[in-house]
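Protein chains: 2
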Amino acid sequence: MIPETAFDALSSVLEGRVSRSKSDLDLHGRSETWFPHTPPDAVVYPESTQEVSQIMGICHAHHIPVTAWGAGTSLEGQTLATSGGIVVDFAHMNRILRVNDADMDCRVQPGVTREQLNTELRASGLMFPVDPGANASIGGMTMTRASGTTAVRYGTMRDNVIGLTVVLADGRVIETGSRARKSSAGYDLTALMVGSEGTLGLVTEVGLRLHGQPEAISAGVCAFDTIEAAVSTVIATIQYGIPMARIEFLDTKSVEAVNKYSGADFPLKPHLFVEFHGSDAGVVEQSEAFGELVSDFGGSPFQWATKPEDRTALWTMRHNAYYACLALKKGCKGLVTDICVPISKLAEAVEETAADIAASTLEGPILGHVGDGNFHAILLLDPEQPADLVEAKRLGERMAERALALGGTITGEHGIGMGKRSLMAREHGEGWEVMGALKAALDPTNILNPGKLVP
Amino acid sequence: MIPETAFDALSSVLEGRVSRSKSDLDLHGRSETWFPHTPPDAVVYPESTQEVSQIMGICHAHHIPVTAWGAGTSLEGQTLATSGGIVVDFAHMNRILRVNDADMDCRVQPGVTREQLNTELRASGLMFPVDPGANASIGGMTMTRASGTTAVRYGTMRDNVIGLTVVLADGRVIETGSRARKSSAGYDLTALMVGSEGTLGLVTEVGLRLHGQPEAISAGVCAFDTIEAAVSTVIATIQYGIPMARIEFLDTKSVEAVNKYSGADFPLKPHLFVEFHGSDAGVVEQSEAFGELVSDFGGSPFQWATKPEDRTALWTMRHNAYYACLALKKGCKGLVTDICVPISKLAEAVEETAADIAASTLEGPILGHVGDGNFHAILLLDPEQPADLVEAKRLGERMAERALALGGTITGEHGIGMGKRSLMAREHGEGWEVMGALKAALDPTNILNPGKLVP
Numbered sequence: 001m002i003p004e005t006a007f008d009a010l011s012s013v014l015e016g017r018v019s020r021s022k023s024d025l026d027l028h029g030r031s032e033t034w035f036p037h038t039p040p041d042a043v044v045y046p047e048s049t050q051e052v053s054q055i056m057g058i059c060h061a062h063h064i065p066v067t068a069w070g071a072g073t074s075l076e077g078q079t080l081a082t083s084g085g086i087v088v089d090f091a092h093m094n095r096i097l098r099v100n101d102a103d104m105d106c107r108v109q110p111g112v113t114r115e116q117l118n119t120e121l122r123a124s125g126l127m128f129p130v131d132p133g134a135n136a137s138i139g140g141m142t143m144t145r146a147s148g149t150t151a152v153r154y155g156t157m158r159d160n161v162i163g164l165t166v167v168l169a170d171g172r173v174i175e176t177g178s179r180a181r182k183s184s185a186g187y188d189l190t191a192l193m194v195g196s197e198g199t200l201g202l203v204t205e206v207g208l209r210l211h212g213q214p215e216a217i218s219a220g221v222c223a224f225d226t227i228e229a230a231v232s233t234v235i236a237t238i239q240y241g242i243p244m245a246r247i248e249f250l251d252t253k254s255v256e257a258v259n260k261y262s263g264a265d266f267p268l269k270p271h272l273f274v275e276f277h278g279s280d281a282g283v284v285e286q287s288e289a290f291g292e293l294v295s296d297f298g299g300s301p302f303q304w305a306t307k308p309e310d311r312t313a314l315w316t317m318r319h320n321a322y323y324a325c326l327a328l329k330k331g332c333k334g335l336v337t338d339i340c341v342p343i344s345k346l347a348e349a350v351e352e353t354a355a356d357i358a359a360s361t362l363e364g365p366i367l368g369h370v371g372d373g374n375f376h377a378i379l380l381l382d383p384e385q386p387a388d389l390v391e392a393k394r395l396g397e398r399m400a401e402r403a404l405a406l407g408g409t410i411t412g413e414h415g416i417g418m419g420k421r422s423l424m425a426r427e428h429g430e431g432w433e434v435m436g437a438l439k440a441a442l443d444p445t446n447i448l449n450p451g452k453l454v455p
Numbered sequence: 456m457i458p459e460t461a462f463d464a465l466s467s468v469l470e471g472r473v474s475r476s477k478s479d480l481d482l483h484g485r486s487e488t489w490f491p492h493t494p495p496d497a498v499v500y501p502e503s504t505q506e507v508s509q510i511m512g513i514c515h516a517h518h519i520p521v522t523a524w525g526a527g528t529s530l531e532g533q534t535l536a537t538s539g540g541i542v543v544d545f546a547h548m549n550r551i552l553r554v555n556d557a558d559m560d561c562r563v564q565p566g567v568t569r570e571q572l573n574t575e576l577r578a579s580g581l582m583f584p585v586d587p588g589a590n591a592s593i594g595g596m597t598m599t600r601a602s603g604t605t606a607v608r609y610g611t612m613r614d615n616v617i618g619l620t621v622v623l624a625d626g627r628v629i630e631t632g633s634r635a636r637k638s639s640a641g642y643d644l645t646a647l648m649v650g651s652e653g654t655l656g657l658v659t660e661v662g663l664r665l666h667g668q669p670e671a672i673s674a675g676v677c678a679f680d681t682i683e684a685a686v687s688t689v690i691a692t693i694q695y696g697i698p699m700a701r702i703e704f705l706d707t708k709s710v711e712a713v714n715k716y717s718g719a720d721f722p723l724k725p726h727l728f729v730e731f732h733g734s735d736a737g738v739v740e741q742s743e744a745f746g747e748l749v750s751d752f753g754g755s756p757f758q759w760a761t762k763p764e765d766r767t768a769l770w771t772m773r774h775n776a777y778y779a780c781l782a783l784k785k786g787c788k789g790l791v792t793d794i795c796v797p798i799s800k801l802a803e804a805v806e807e808t809a810a811d812i813a814a815s816t817l818e819g820p821i822l823g824h825v826g827d828g829n830f831h832a833i834l835l836l837d838p839e840q841p842a843d844l845v846e847a848k849r850l851g852e853r854m855a856e857r858a859l860a861l862g863g864t865i866t867g868e869h870g871i872g873m874g875k876r877s878l879m880a881r882e883h884g885e886g887w888e889v890m891g892a893l894k895a896a897l898d899p900t901n902i903l904n905p906g907k908l909v910p
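Chains as they are written, first to last, in our numbering: chain A, 1 to 455; chain B, 456 to 910.
These are calculated hints, taken from the structure and not from any lab test.
Treat each hint with caution, since some may be false.
Unchecked claim - Here are the simulated distance ranges between beta carbons:
#1 B:852 / A:281: 56 to 62 Å
#2 A:440 / B:470: 46 to 52 Å
#3 A:284 / B:881: 25 to 31 Å
#4 A:422 / B:683: 40 to 46 Å
#5 B:814 / A:15: 37 to 43 Å
#6 B:557 / A:444: 42 to 48 Å
#7 A:215 / B:557: 28 to 34 Å
#8 A:213 / B:806: 28 to 34 Å
#9 B:557 / A:260: 32 to 38 Å
#10 B:739 / A:27: 53 to 59 Å
#11 A:351 / B:580: 26 to 32 Å
#12 A:213 / B:671: 49 to 55 Å
#13 B:580 / A:300: 29 to 35 Å
C-beta atoms are modelled at their ideal positions from N, C-alpha and C, and glycine is treated no differently.
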């Protein structure tokens with residue numbers, strides 16, 4: 001509960017942009033996935049770094065838990081105020097502050113969404129390529145260390161965030177990074193904050209690296225007879241150094257879901273969805289080289305989507321795959337796993353996972369950003385059947401164990417939140433304790449997103 | 456001073472690999488640049504992570520300062536035991552532990568040098584491209600967040616270190632990162648350690664990303680009439696997205712130094728040294744596109760070095776430029792500045808720096824990895840003339856202030872050590888205090904490289 005004096009102080013700072021309406025609390029208690037509904041005690045809507053600093057000052061003084069909210073698209077319960085307190089919704093901080101064409105960077109507020117940013121950039125010849133599928137906020141993507149379909153070419157948020165404004169637990173404001181392309185000036189606080197899920201501070205500005213819009217783009221799909229053939233094609237592609245912009249795997253079940261949901265008619269086989277970026281000649285060279293590999297592994301000839309609208313349709317289908325999978329089973333929720341393994345272990349990891357799911361009581365389409373070695377199983381569970389959640393968690397844990405055994409990680413891009421916290425010690429050992437020590441150093445009273453990520 | 460009981464404990468753990476010989480202490484008291492000679496109390500030579508852990512246990516118990524030593528090529532006094540205590544020399548930990556061809560990564564001990572690693576990799580078709588010029592150790596490069604001539608294409612140590620084994624101040628051992636290409640599993644401890652200059656822990660293993668040796672390489676030099684023309688060519692090159700592998704600037708004074716030292720006969724004008732990597736066709740395309748830009752800015756036609764031995768000669772000259780510059784003035788020492796600015800500010804930064812140096816009492820050739828916006832002035836000072844050091848520091852400080860005013864950083868790749876510590880608050884403000892809090896959390900008794908980097 002929030003003491004009334006604190007509530008009044010927040011109201012005064014925010015000129016009334018503090019809400020305790022049931023609908024607002026309900027909305028901010030929801031997640032995209034299976035976590036229980038967890039409404040906060042209040043929702044605040046700051047409009048500036050200074051206001052966020054004042055909010056933290058008040059919450060620090062009153063020991064009020066603070067959880068940040070961007071677009072609410074996280075998958076591990078990162079935005080849920082499980083200890084109560086306030087949710088800071090960055091919806092009003094959604095301005096693009098600067099675009100530096102010459103240096104190919106920009107500065108945005110955390111509530112800007114990736115689609116909004118790319119719409120704004122369209123005329124500049126630049127783009128922000130990191131694409132987790134959902135129209136997430138840049139603040140949320142930063143704090144989750146998100147990536148998605150294009151990371152194989154353009155990197156993740158780790159590679160594309162160049163600086164931050166961060167409000168610390170006690171209200172102090174720091175600037176991390178710079179607009180230079182590199183620096184050796186002390187600890188990399190930017191990298192420490194990226195992926196910290198709001199447990200070390202609240203991000204109020206994000207500096208991003210931008211990329212030139214490619215001269216030519218070509219996308220296509222091809223089908224394979226087996227998972228192994230599809231994944232082996234991916235491994236060979238990466239090893240040959242073909243600079244794919246996107247290379248996505250969908251298993252037969254995912255293809256079935258996409259067909260039903262998006263009215264497509266892909267053959268019911270494992271597929272790769274790919275995209276090439278480059279010069280006109282470069283794209284042709286890349287697609288020919290890739291086509292030869294596909295043929296070596298017995299894949300079908302390509303269906304090309306060369307027109308922009310066809311490409312958009314293709315990637316919209318891919319982006320909607322999560323909802324398409326959920327639609328396979330009426331009223332179900334999804335538990336989305338998210339492991340990432342070294343490329344050489346990818347076929348083994350996917351095949352063993354598929355066998356695991358086949359032997360379980362659940363359905364679980366498999367798909368993912370396989371160019372990074374990252375894939376997901378969307379485990380479909382009936383929220384009325386507690387046994388389903390138990391089974392989904394068992395399968396998820398087996399996947400995580402498998403990822404670790406193969407030299408990989410329990411999460412490629414969705415983060416830890418509540419959902420993967422119990423696995424952290426297994427991945428990091430004593431390193432998880434080190435994370436806890438860092439957290440305690442910056443947030444000694446543990447008001448920033450308590451119950452997430454750290455011990 | 457080291458208590459005799461501690462010395463005996465170290466001797467016992469290290470089976471005698473503890474030295475207090477004058478020559479050893481003298482050698483480890485030297486730096487490449489102007490810092491005073493600072494011998495430690497002892498030098499230890501561990502052979503395993505376990506031994507390093509035991510060393511830290513002993514030093515933690517006895518409050519003995521610990522400074523790490525790789526190849527001794529750092530430029531800001533990072534390896535100097537300014538508070539006494541022991542230097543941990545990783546010379547015996549110089550094995551390449553694993554090369555994973557299929558995943559293009561490797562695991563090495565910190566004493567491996569970059570030349571040793573690339574020699575070992577030669578037959579594999581892979582390479583480790585980060586190249587700071589000096590034959591630095593991988594451990595030292597990691598802890599300095601080093602980069603160099605190829606960062607414009609392949610990134611810095613930040614981008615190429617995928618995981619670490621770190622011994623903490625109290626002897627605990629953690630593993631950071633994984634072999635997966637990305638992860639969202641908690642705080643990025645790898646990134647926190649990279650660039651921490653031995654103040655947070657001692658690195659005993661480094662996982663590195665490797666890159667394919669390019670199918671074709673082409674290198675060349677061209678001369679310009681003015682600094683401005685040379686630098687404008689660089690800016691245009693970056694903005695056009697030509698994927699340079701190296702693009703180095705040398706001012707007239709640097710060219711004069713190189714000519715004298717390496718017996719070359721480059722015209723006495725500002726130069727760019729460049730290199731292209733790619734397919735045969737790609738390299739031709741890149742060099743033609745670059746050649747057009749050079750011509751637009753009035754540069755001379757290229758002198759190409761197409762044969763491997765000519766390329767080696769070219770880059771050896773570039774790598775020896777520091778010593779070439781020192782040789783301009785008998786008996787001098789160098790104070791090497793190292794700022795990095797946004798590309799669009801590069802011409803301004805270089806020209807104002809050149810004007811500053813021209814108006815000073817010192818000589819200071821300017822050169823650098825301008826594709827990143829990073830350049831150095833090598834300020835030549837007579838160690839017998841205290842006024843020279845004062846003047847060099849004044850010029851260095853002006854450069855740092857200029858970098859910050861232009862949105863850049865006080866050090867692109869050399870790090871902080873002792874030399875730039877007084878400038879940290881100006882770059883990071885409250886963020887420097889945050890670095891101090893992180894340091895205190897992981898090394899509460901301040902035994903790891905005390906006096907460096909943090910407040």
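Checked hints:
1. B:852 / A:281: 56 to 62 Å: violated (49 Å)
2. A:440 / B:470: 46 to 52 Å: This hint is violated: roughly 38 Å between Cβ atoms.
3. A:284 / B:881: 25 to 31 Å: About 51 Å separates the Cβ atoms of residue 284 (chain A) and residue 881 (chain B), which means 25 to 31 Å is violated.
4. A:422 / B:683: 40 to 46 Å: Violated, since residue 422 (chain A) and residue 683 (chain B) (Cβ atoms, about 59 Å apart) do not stay within the stated range.
5. B:814 / A:15: 37 to 43 Å: violated (53 Å)
6. B:557 / A:444: 42 to 48 Å: The hint (42 to 48 Å, Cβ to Cβ) holds, given that residue 557 (chain B) and residue 444 (chain A) are roughly 45 Å apart.
7. A:215 / B:557: 28 to 34 Å: holds (32 Å)
8. A:213 / B:806: 28 to 34 Å: For residue 213 (chain A) and residue 806 (chain B) the Cβ distance comes to about 32 Å; the hint holds.
9. B:557 / A:260: 32 to 38 Å: The hint (32 to 38 Å, Cβ to Cβ) holds, given that residue 557 (chain B) and residue 260 (chain A) are roughly 37 Å apart.
10. B:739 / A:27: 53 to 59 Å: holds (57 Å)
11. A:351 / B:580: 26 to 32 Å: holds (28 Å)
12. A:213 / B:671: 49 to 55 Å: violated (27 Å)
13. B:580 / A:300: 29 to 35 Å: Holds - the Cβ-Cβ distance for residue 580 (chain B) and residue 300 (chain A), about 31 Å, lies within 29 to 35 Å.
In the structure shown, a violation is registered for the earlier hints numbered 1, 2, 3, 4, 5 and 12, in ascending order.
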